[in-house]
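With chain H held as given, fit chain R onto it using these hints.
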Amino acid sequence: MEFFRIKKDIPFMRHALLFNIISMLTFVLAVFFLATRGLHLSVEFTGGTLIEVSYAEAAQLEPIRRALGNDGYPDAQVQNFGSARDVLIRLPNREGLDTNGVSERVMATLAGIDGPKAELRRVEFVGPQVGKELATDGAMALLLVIMGIMIYLAMRFEWRFSISAIVANLHDVIIILGFFAFFQWEFSLAVLAAVLAVLGYSVNESVVVFDRVRETFKKKRNMSTPEVLDHAITSTISRTVITHGSTQMMVLAMLIFGGETLYYFSLALTIGICFGIYSSVLVASPMVMWLGVSREQFVKPKKEKEEAVV
Amino acid sequence: MNRYPLWKNLLIGLVLLWGLIYTLPNFYGEVPAVQVSSGKATLKLDPAIVSDRVAEALRSAGIEHSGIFSDTNSVRARFAGTDLQIQAKDAIERAFNPDPQDPSYVVALNLLSASPAWLTSIHALPMYLGLDLRGGVHFLLQVDMPGALLKRLDATTGDLRTLMRDKNVRHAGITREGNTIHIRFRDAAQRDAGRNAIQASTNDLQLTDRDDGADDLKLIAALTPQAQQTMRDFAIKQNITTLHNRINELGVAEPVIQQQGPERIVVQLPGVQDVAKAKDILGRTATLEVRMVDDTPGALESALAGNVPFGTELYTERGGPPLLVRKQVVLTGDRLTDAQPGFDGQTNEPAVHLTLDAAGARIFRDVTRESIGKRMAILLIEKGKGEVVTAPVIRSEIGGGRVQISGRMTTAEANDVALLLRAGSLAAPMEIIEERTVGPSLGAENIAKGFNSTLWGFVAIAVFMCAYYLLFGVVSTIALAANLLLLVALLSLLQATLTLPGIAAMALTLGMAIDANVLINERIREELRNGSSPQAAISAGYDRAWDTILDSNITTLIAGVALLVFGSGPVRGFAVVHCLGILTSMFSAILVSRMLINLIYGHRRKVEALSIGQVWKPGNN
Numbered sequence: 001m002e003f004f005r006i007k008k009d010i011p012f013m014r015h016a017l018l019f020n021i022i023s024m025l026t027f028v029l030a031v032f033f034l035a036t037r038g039l040h041l042s043v044e045f046t047g048g049t050l051i052e053v054s055y056a057e058a059a060q061l062e063p064i065r066r067a068l069g070n071d072g073y074p075d076a077q078v079q080n081f082g083s084a085r086d087v088l089i090r091l092p093n094r095e096g097l098d099t100n101g102v103s104e105r106v107m108a109t110l111a112g113i114d115g116p117k118a119e120l121r122r123v124e125f126v127g128p129q130v131g132k133e134l135a136t137d138g139a140m141a142l143l144l145v146i147m148g149i150m151i152y153l154a155m156r157f158e159w160r161f162s163i164s165a166i167v168a169n170l171h172d173v174i175i176i177l178g179f180f181a182f183f184q185w186e187f188s189l190a191v192l193a194a195v196l197a198v199l200g201y202s203v204n205e206s207v208v209v210f211d212r213v214r215e216t217f218k219k220k221r222n223m224s225t226p227e228v229l230d231h232a233i234t235s236t237i238s239r240t241v242i243t244h245g246s247t248q249m250m251v252l253a254m255l256i257f258g259g260e261t262l263y264y265f266s267l268a269l270t271i272g273i274c275f276g277i278y279s280s281v282l283v284a285s286p287m288v289m290w291l292g293v294s295r296e297q298f299v300k301p302k303k304e305k306e307e308a309v310v
Numbered sequence: 001m002n003r004y005p006l007w008k009n010l011l012i013g014l015v016l017l018w019g020l021i022y023t024l025p026n027f028y029g030e031v032p033a034v035q036v037s038s039g040k041a042t043l044k045l046d047p048a049i050v051s052d053r054v055a056e057a058l059r060s061a062g063i064e065h066s067g068i069f070s071d072t073n074s075v076r077a078r079f080a081g082t083d084l085q086i087q088a089k090d091a092i093e094r095a096f097n098p099d100p101q102d103p104s105y106v107v108a109l110n111l112l113s114a115s116p117a118w119l120t121s122i123h124a125l126p127m128y129l130g131l132d133l134r135g136g137v138h139f140l141l142q143v144d145m146p147g148a149l150l151k152r153l154d155a156t157t158g159d160l161r162t163l164m165r166d167k168n169v170r171h172a173g174i175t176r177e178g179n180t181i182h183i184r185f186r187d188a189a190q191r192d193a194g195r196n197a198i199q200a201s202t203n204d205l206q207l208t209d210r211d212d213g214a215d216d217l218k219l220i221a222a223l224t225p226q227a228q229q230t231m232r233d234f235a236i237k238q239n240i241t242t243l244h245n246r247i248n249e250l251g252v253a254e255p256v257i258q259q260q261g262p263e264r265i266v267v268q269l270p271g272v273q274d275v276a277k278a279k280d281i282l283g284r285t286a287t288l289e290v291r292m293v294d295d296t297p298g299a300l301e302s303a304l305a306g307n308v309p310f311g312t313e314l315y316t317e318r319g320g321p322p323l324l325v326r327k328q329v330v331l332t333g334d335r336l337t338d339a340q341p342g343f344d345g346q347t348n349e350p351a352v353h354l355t356l357d358a359a360g361a362r363i364f365r366d367v368t369r370e371s372i373g374k375r376m377a378i379l380l381i382e383k384g385k386g387e388v389v390t391a392p393v394i395r396s397e398i399g400g401g402r403v404q405i406s407g408r409m410t411t412a413e414a415n416d417v418a419l420l421l422r423a424g425s426l427a428a429p430m431e432i433i434e435e436r437t438v439g440p441s442l443g444a445e446n447i448a449k450g451f452n453s454t455l456w457g458f459v460a461i462a463v464f465m466c467a468y469y470l471l472f473g474v475v476s477t478i479a480l481a482a483n484l485l486l487l488v489a490l491l492s493l494l495q496a497t498l499t500l501p502g503i504a505a506m507a508l509t510l511g512m513a514i515d516a517n518v519l520i521n522e523r524i525r526e527e528l529r530n531g532s533s534p535q536a537a538i539s540a541g542y543d544r545a546w547d548t549i550l551d552s553n554i555t556t557l558i559a560g561v562a563l564l565v566f567g568s569g570p571v572r573g574f575a576v577v578h579c580l581g582i583l584t585s586m587f588s589a590i591l592v593s594r595m596l597i598n599l600i601y602g603h604r605r606k607v608e609a610l611s612i613g614q615v616w617k618p619g620n621n
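Going line by line, the protein sequences match chains H and R.
Residue numbers for the first sequence follow full-length UniProt numbering, so the first one is 1 and each next one is one higher.
Residue numbers for the second sequence follow full-length UniProt numbering, so the first one is 1 and each next one is one higher.
Chain H with its partners taken away, still in its complex shape:
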């Protein structure tokens, strides 16, 4: 079996502008949705109480809402979680709410409703001060990843590569966030972990292509820069698709079997993987070209050093 039978290098660079316009559009859309709709942050970030209960038969949400409203939680959100028998109750933190015994009191309220008994599955309470910290920690982690990868790529390759790779992959991150904003999917800590993992992972992709670019520059003296990039992308495309396909199979298994908890995690990974291929091949490479990469930077080591300092 051999999926890819490519006779000539595909002229990716000829259409570079088009690809970048598409990217730009998606990016702007993502930013737009992030700005207008915002992220639907999970209880871990906003603070509040989350209670998951399970019933023996399909649960009636309306009586639960009414009972909670009567018992002093008019702002409780009640919804099904995964199946009709599982119910998720969210209570935002607010002034004057005694957070210490919330879960007990809610369970008492639920026990007061006629019908089947609720079984407590999970409680999550996050105080307001924790949420803020998680948000800053997340931002710090993102920053550290970006810095670390940029420094590594600049050392290992060239500053042009490091800038292109980071721009391409940040654009992925924004697009994932844009999806979460558009569909109002819940953005939890697990999703944040997925986003950062994707960042590291799709930089891989750029690294593989860049590796080829460097090698081609050294080996083939008669190719122009766009030709070198085309050649590098074409000769790695088979590996790109197979690797991402394999990773995606794993993620798909999580999406199907992982249940509600891993659902958004794997969803974020799915989007990240798809856009990761696109951006590292079709966004990062043109950027390298426009930033003015050339053979001299790789062939003559002395000049390369000077460039690296600049």
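None of these hints come from the bench; they were simulated from the model.
Calculated lysine to aspartate or glutamate pairs in the EDC-like style (CA-CA distance at most 16 Å, straight line):
| no. | chain 1 | residue 1 | chain 2 | residue 2 |
| --- | --- | --- | --- | --- |
| 1 | R | K167 | R | D366 |
| 2 | R | K449 | H | E260 |
| 3 | R | K279 | H | E104 |
Positioned in the frame of chain H, the structure of chain R alone reads:
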């Protein structure tokens, strides 16, 4: 050129064998067990003696066990079923704690690995499951440091008064204002004397002068930064000790109580389902305070009318009349070394016997000597609200630091108070800022979900790889399986906590790890396409792919480390597995797969073709 030296093959083989051994315990599952550990800080558990006593208790009760194990802190006995386990717990409880009111040992239900003893003896233990997989309660507590600081300043205010009196320094009042203590003097000579007295007795205070008028001279005292730091460290350490003692009362098998950051404490209670009780015990932020009762005639009446005199507070004695208590604290629970329930020697009423440390004993002696005939109130402060437990009249000077609280208590109440006081007062109040409870059914479900995802993902990748790359695909799959084996072995060895995000990381890492093998296989195909001989293609394929694999793994590792550094809770669980997985994948994808390929092809004289799937060449059709 495609042969590994013998030592390299042996080394890889040994690593894999090691992986297999340390992964093994995870397959045996867990059996019910009973765990005995010390319930008191003062009681050191001697594993050998306790083991014998456990065996003896079980023998006399006629309960069969399948092994008794001990480590430095606890002794555990395994049982065939949960019925036996519960019977055994009762039997051991009776044997070890003859007085249930005052348990010396914690006897708790637990689960133990069912793996054979030889595995346990080389520390091959199953992975440590997080709360989201085994069920339990997780709390994050925040210590109220500003509160602790105020408390310390209040106590210091009292100390300064005593000091001034002892040194015969005349002052015009000592008060706490915000985070400083103001000492007023009428003349500069007294202020100098005061300053000298304070500086001679303590280094913790920073003193500054302030003149608000000719006869209103002030000395402003503030805690030095070092003193504040020491106080913070002390407060959090004391709170952790206190929590340890309290949780021992709960009988949890493997509680986790750890400091997180400068002012937070994580408490994890695996297997605990009764959240209300757990919270009740943790949340008992009770502290003991001894203060004087204000017996000024008429003061109580005016307080009851709504006009509480300055410097006093209105309380109601437990089961008794209201009384007015001075705000100034004579003594706090910090000075307490022991509290035991008992009976009053004369009246035979239930009582609590307190033992104070040296400093506490001295203060208590001084106060009682000066206040004979007056009343003293003993307060329990819980969650900012105080309750006067008792307000006895001081009959005589009490020296030696032995104090008895009695009056209007039942035996049970005396026990409660003693327990609460003995468990140690908290140095500073705490607040629960994060709570996570996972039911046991959800935990089991999470394991199944995580396991299924990993399994089916793995199967899908394996099928694809074998179909696409044939023999090289089989080798890649074996390498991937070796990666999983090593990862699980490493997690078991480190006893890192495995959570659901951790399982997700395991699946994801496997999905990513196959990248290395794809890179290698594609490279080999390319070399073949360019006309290399099979042996040369293998060698060049592995060599050329190495750089790329290294680069791409390092970038992934950078992301993993960032998550590890800044992540908390679920993210950290993810990051640990992710980082370890990247490291093991480098080993397995390159060395293990190369070894297998070398064993298959390296020894043949002539290799006609490689079983790597069809290699299509542009010129062929």
